[in-house]
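Trainee: One-letter residues, chain by chain:
There are 2 protein chains.
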Amino acid sequence: MTARSAPPKGVTVIEGGSATTPRGFVAGAVYAGIKTAGKGKLDLGILASDRPASAAAMFTRNNVKGAAVVVSQGHVRNGSARGVVVNAGISNVANGAPGMRDAKEMCRLAAAALGVNDAELLVGSTGVIGHPLPMDRIRAGVPKIRLSAGGGPAFARAIMTTDTHPKTMAVRFRAAGREYRLGAVAKGVGMIHPDMATMFCFLTTDAAVEQRYLRGALKSAVDDSLNMISVDGDTSTSDTTAIFANGAAGGPEIGATHAGAAAFERALCYVCTAMAKMLARDGEGAEKLIEVRIEGAASERQARAAARTVTASPLVKTAVHGADPNWGRLMMAVGRSGARIDLARARAWLGDIMVYRGRPLPFDERAASDLLRNEEVLLRVDLGAGDASATAWGCDLTPEYVHINSDYTT
Amino acid sequence: MTARSAPPKGVTVIEGGSATTPRGFVAGAVYAGIKTAGKGKLDLGILASDRPASAAAMFTRNNVKGAAVVVSQGHVRNGSARGVVVNAGISNVANGAPGMRDAKEMCRLAAAALGVNDAELLVGSTGVIGHPLPMDRIRAGVPKIRLSAGGGPAFARAIMTTDTHPKTMAVRFRAAGREYRLGAVAKGVGMIHPDMATMFCFLTTDAAVEQRYLRGALKSAVDDSLNMISVDGDTSTSDTTAIFANGAAGGPEIGATHAGAAAFERALCYVCTAMAKMLARDGEGAEKLIEVRIEGAASERQARAAARTVTASPLVKTAVHGADPNWGRLMMAVGRSGARIDLARARAWLGDIMVYRGRPLPFDERAASDLLRNEEVLLRVDLGAGDASATAWGCDLTPEYVHINSDYTT
Chain P
1 MTARSAPPKG VTVIEGGSAT TPRGFVAGAV YAGIKTAGKG KLDLGILASD RPASAAAMFT
61 RNNVKGAAVV VSQGHVRNGS ARGVVVNAGI SNVANGAPGM RDAKEMCRLA AAALGVNDAE
121 LLVGSTGVIG HPLPMDRIRA GVPKIRLSAG GGPAFARAIM TTDTHPKTMA VRFRAAGREY
181 RLGAVAKGVG MIHPDMATMF CFLTTDAAVE QRYLRGALKS AVDDSLNMIS VDGDTSTSDT
241 TAIFANGAAG GPEIGATHAG AAAFERALCY VCTAMAKMLA RDGEGAEKLI EVRIEGAASE
301 RQARAAARTV TASPLVKTAV HGADPNWGRL MMAVGRSGAR IDLARARAWL GDIMVYRGRP
361 LPFDERAASD LLRNEEVLLR VDLGAGDASA TAWGCDLTPE YVHINSDYTT
Chain V
1 MTARSAPPKG VTVIEGGSAT TPRGFVAGAV YAGIKTAGKG KLDLGILASD RPASAAAMFT
61 RNNVKGAAVV VSQGHVRNGS ARGVVVNAGI SNVANGAPGM RDAKEMCRLA AAALGVNDAE
121 LLVGSTGVIG HPLPMDRIRA GVPKIRLSAG GGPAFARAIM TTDTHPKTMA VRFRAAGREY
181 RLGAVAKGVG MIHPDMATMF CFLTTDAAVE QRYLRGALKS AVDDSLNMIS VDGDTSTSDT
241 TAIFANGAAG GPEIGATHAG AAAFERALCY VCTAMAKMLA RDGEGAEKLI EVRIEGAASE
301 RQARAAARTV TASPLVKTAV HGADPNWGRL MMAVGRSGAR IDLARARAWL GDIMVYRGRP
361 LPFDERAASD LLRNEEVLLR VDLGAGDASA TAWGCDLTPE YVHINSDYTT
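Residue numbers (the working numbering), protein chains in the order written: chain P, 1 to 410; chain V, 1 to 410.
The following block holds chain P by itself, in its conformation from the complex (with noise of 0.2 Å):
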């Protein structure tokens, strides 16, 4: 899988890993009855770490959003949290002041569970807009929650929604002599394009990072990585990443003077882009992963703008999907996008087939053809119009995402 290939230099995935691998963390879930039932289903977890722990996050930029998103807002703001209490199934958007007390008591409730201040928590809600939450159901459930230290896949099961399968990982990395641990978990196939986060990624490391380090690093991994996923173009209400660092590992804080804190870049830049593209691999009703990547831009926020627009172009997700080789449309999306492009000197190409230089080339449609039928699908365009580049994470558009999307609430 692309999403585990070629780890940097100093890191390594840990086989079967998860939020939880880091040292020092727990988490667990139940089934609290908020999405309809079903064979080992959960929809209420925690994560937290035994420890205070750095913390930082980044939240959707979307104009409507959750009253989750606004309680852990004022909660991350310190730069300190413990974790994050969290359900799917209704999304508590919308909802008034009412959602607002609703997202507060879930934090009470959850730190309560773990012997620790309300504002020491994150909370996020994931599902149906515009439902209140079940909060006896929460209530009930909050206390039955078990936490351990192999808590991390229940927790990654219990925040899906849409998603068909968990998503979680952990690798381990070395910094200046010390071996720490950074552990991942995500969901979010559909309403996905974020514009700060997706729907919702945790990362968790028992290195002891600085606070407005962390703000920092997190930032930069989450723009080249989860801000560059596409599966529907529609911004989630909720979309959350946070980081938690507690320092369990021991050793000095890494900040941005220390000797370790390239390597721990690293670490968070490659599990931040493998999760980004577990996501968009797994995009509602999706078949393929495709990478798109601009070369040859004039500013890097062209080349970023560039591989988004065409992430989200229907038409070129449609012809991925039927593994029709309308180069036409690539150059279409990149157009519209808004970057320039010089056509004398630009390049396309379909995986390894080069399709364009400055004028449409000859080529063999049924390799390319064949190219676009694998599981994961290379666009590529040189803009010719200077030196930035950007690569960005979609999916194919199919049938089964209108499937999906035409019967949800009803």
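Hints are not guaranteed to be accurate.
To be verified - Computed Cβ-Cβ distance ranges for the label pairs, DEER-style:
1. V/E179 <-> P/D342: 44 to 52 Å
2. P/P143 <-> V/A344: 30 to 38 Å
3. V/R178 <-> P/H403: 54 to 62 Å
4. P/E300 <-> V/G79: 39 to 47 Å
5. P/G38 <-> V/R301: 44 to 52 Å
6. V/P362 <-> P/M135: 15 to 23 Å
7. V/K39 <-> P/D342: 50 to 58 Å
8. P/H403 <-> V/K39: 27 to 35 Å
9. V/M354 <-> P/P8: 28 to 36 Å
10. V/R61 <-> P/T257: 20 to 28 Å
11. P/E300 <-> V/S299: 28 to 36 Å
To be verified - On the chain V side, residues computed to face chain P include the following (Cβ under 8 Å):
12. P7
13. N62
14. V64
15. H165
16. A319
17. D324
18. M331
19. A333
20. G338
21. Y356
22. L397
Hints listed in this document are in silico derivations from the structure and should not be mistaken for laboratory results.
Since this is a predicted model, take the numbers as computed values, not measurements.
All residues carry an ideal CB built from backbone N, CA and C; glycine is no exception.
Following the hints, position chain V against chain P.
Mentor: Quick look at chain V alone, frame taken from chain P:
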């Protein structure tokens, strides 16, 4: 049909009207062999005035522009033109210098047939991107086009690509005591998210209209109509809207201070809106026309952004397709548009059923679902943030859209 409902005062729809209903316009079309063959197919047409005409045009804002767009921009710059020659099947985009030569030759061929100068004609090409135009077939085809005042309907068929039916109409309007006619023809039901005009919409009128005033009147009408539709969020490389005013009805030139200016603008706006709705309703694979009205916005720009974002949201489009009264998606889409919304004062409706007023309202889900089963669906949001409003049109997203676009060139 809504497209023809309720013309404004002084405007009357002419049954069976087309772009050649205004006096002094002729059109014709042939099958030149650019589209794959089929019974009664046409793919090459000319629409022209028998005398010089004031002309104004608007083109795609996509940075990748078709050669026909570039040539037409040059030819319309002086404010006068006779008409347009159009082929469907291949769009002549990204073809480099040979593409520019071909676009100019199309003008030359049509100008010779009409006995006018090359620079008096606009040109349009629509279809697959990146294939060369079969100029031998176009050279053979143009002289075979028989132009007549009854040729409007044939021209409407010749410019179709994935349209399921031709789109053309005409109205009669009175301005300052004189009767004029205004005709229109349009095509384009995919790659539709005009950022300037829709794929092709050509307007004809036998009114004499002052050039600079005509440009302003066209822009104003298009901004509220053709620039407010979306089928798939993708902006074509070939979008072109042009109007030709040949004065065949006699009378003084209509200009900003003419007593008939308001009547002309009403007629123009009505026809542009009717054509826009015809295009959206025939969106690839679409079964429903979606009208989105945004009120209470802080600015007109924000109102337009919110309305367009809703029409382009796959999650809204699939919910309408499934008659799913999942109004949370409406709020999500409004939220990600960047428009300011005051959730405490906002209101939302599915059809005439209010579902949100500061908080979710209880409503009859079955009745709402029934409303969403109509062929025309109204979605309405009051943002509670000001006094500006805007309306946009789109269509539902169906599995058929994916089928159509997964197999186009191959």
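Trainee: Now look at each hint and say whether the structure bears it out.
Mentor: The hints, checked one at a time:
| no. | hint | in the structure |
| --- | --- | --- |
| 1 | V/E179 <-> P/D342: 44 to 52 Å | holds, 51 Å |
| 2 | P/P143 <-> V/A344: 30 to 38 Å | holds, 33 Å |
| 3 | V/R178 <-> P/H403: 54 to 62 Å | holds, 56 Å |
| 4 | P/E300 <-> V/G79: 39 to 47 Å | holds, 41 Å |
| 5 | P/G38 <-> V/R301: 44 to 52 Å | holds, 46 Å |
| 6 | V/P362 <-> P/M135: 15 to 23 Å | holds, 18 Å |
| 7 | V/K39 <-> P/D342: 50 to 58 Å | violated, 44 Å |
| 8 | P/H403 <-> V/K39: 27 to 35 Å | holds, 34 Å |
| 9 | V/M354 <-> P/P8: 28 to 36 Å | violated, 54 Å |
| 10 | V/R61 <-> P/T257: 20 to 28 Å | violated, 47 Å |
| 11 | P/E300 <-> V/S299: 28 to 36 Å | holds, 30 Å |
| 12 | P7 | violated, 34 Å |
| 13 | N62 | holds, 4 Å |
| 14 | V64 | holds, 3 Å |
| 15 | H165 | violated, 22 Å |
| 16 | A319 | holds, 7 Å |
| 17 | D324 | holds, 5 Å |
| 18 | M331 | holds, 5 Å |
| 19 | A333 | holds, 7 Å |
| 20 | G338 | holds, 7 Å |
| 21 | Y356 | holds, 7 Å |
| 22 | L397 | holds, 6 Å |
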